[in-house]
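Chemist: 106 is the number that my numbering gives to position 106 of the sequence shown; each next residue is one higher, with no gaps.
No wet-lab data here; the hints were simulated from the structure.
Hints should not be assumed to be uniformly reliable.
[To be verified] With a straight-line Cα cutoff of 20 Å, these simulated DMTMM-like cross-link-like pairs (lysine to aspartate or glutamate) come out:
#: 1; residue 1: K145; residue 2: D122
#: 2; residue 1: K145; residue 2: D6
#: 3; residue 1: K155; residue 2: D3
#: 4; residue 1: K155; residue 2: D6
#: 5; residue 1: K145; residue 2: D95
#: 6; residue 1: K155; residue 2: D44
#: 7; residue 1: K145; residue 2: D104
#: 8; residue 1: K26; residue 2: D44
#: 9; residue 1: K159; residue 2: D143
#: 10; residue 1: K26; residue 2: D73
#: 11; residue 1: K155; residue 2: D143
#: 12; residue 1: K159; residue 2: D3
#: 13; residue 1: K159; residue 2: D148
#: 14; residue 1: K159; residue 2: D6
#: 15; residue 1: K145; residue 2: D117
#: 16; residue 1: K145; residue 2: E80
#: 17; residue 1: K145; residue 2: D73
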Amino acid sequence: AVDVMDKGALEPAQRGRTIFLDVGPKHWARGYINLASSLTTSGDMVGTGSSSDGEQAADRLIMGVGNGTFQPDRPITYGEAVAILVRILGYNTSDISAGSAWYDGYLAVARQNGLADGLSLDGGSHLTRGQAALLFRNLLFTDLKDSDQCYLVAKLGGKLTGDTLVLDISTNASSG
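Work out the full structure: start from the sequences and follow the hints.
Modeler: As structure tokens, then:
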């Protein structure tokens, strides 16, 4: 998620911070986890954008699982992955409707804007690598919030053509 937002170069500076109690100094993803928890839906670092820090804190890319932990080694769920990608598209908490589970509003946005195309999972289901690849592929071709341009064009400087196969994904491989 950090790399697709073109923020990977900021990762090394985040390795020395402790944001989550269970993401210690030797964890391979510490810098990325810390960076993602410091980025807002606009792509700004908390405390550097135009909105107040309180608003930014509520709209961070990731927020952990509660009580100061992140649980970095457990599998990510479909609901968590969709919430992150919906935030990357520019949606914040005020855009998300409440549901019986915290992720229901994010899943509704993902179904409505095409991010969830090709996937029909429960929000609590663990995500396979193939399903994650399909979500990221969908992200590239999903319009940003309040825009008629897809993420690939608007944020990554890509170009759409009708005669080029960029990526072919099978989520049905035996390895997931």
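Chemist: Now tell me, hint by hint, if it's right for this structure.
Modeler: We went through each hint and held it up to the structure:
Proposed proximity of K145 and D122 is contradicted: the alpha carbons are some 24 Å apart, above 20 Å. With a C-alpha separation of about 18 Å, the suggested pairing of K145 with D6 holds against the 20 Å cut-off. Distance restraint check for K155 and D3: the Cα-Cα separation of roughly 12 Å lies within the 20 Å cut-off, and the hinted pair is therefore satisfied. Distance hint between K155 and D6 is fulfilled; the C-alpha atoms sit about 9 Å from each other, no more than 20 Å.
This hinted pair checks out: K145 and D95 have alpha carbons roughly 10 Å apart, not beyond 20 Å. Between the alpha carbons of K155 and D44 the distance comes to roughly 14 Å, so the proposed pair stays at or under 20 Å and holds. The suggested pairing of K145 with D104 holds, with an alpha-carbon distance near 18 Å, which does not exceed 20 Å. For the suggested pair K26 and D44, the alpha carbons sit about 26 Å apart, so the restraint of at most 20 Å is broken.
Pair hint K159 plus D143 holds up; C-alpha atoms about 13 Å apart against a cutoff of 20 Å. Taking the CA atoms of K26 and D73, the gap is about 13 Å. The hint holds against a cut of 20 Å. Proximity of K155 to D143 is assessed by CA-CA distance (about 10 Å); at most 20 Å being required, the pair is judged to hold. Among the hinted pairs, K159 with D3 is consistent with the structure: their alpha-carbon atoms are about 19 Å apart, no more than 20 Å.
For a cut-off of 20 Å, the pair hint linking K159 to D148 stands: about 14 Å separates their Cα positions. For the hint linking K159 to D6, the alpha-carbon distance of about 17 Å falls within 20 Å, and the restraint holds. Among the hinted pairs, K145 with D117 is consistent with the structure: their alpha-carbon atoms are about 17 Å apart, no more than 20 Å. Between K145 and E80 the alpha-carbon distance is near 19 Å, which keeps this suggested pair within the 20 Å criterion.
Restraint check for K145 and D73: the C-alpha separation of about 31 Å exceeds 20 Å, so the hint is violated.
Violation of the numbered hints given earlier is confined to hints 1, 8, 17; the remaining hints are satisfied by the structure.
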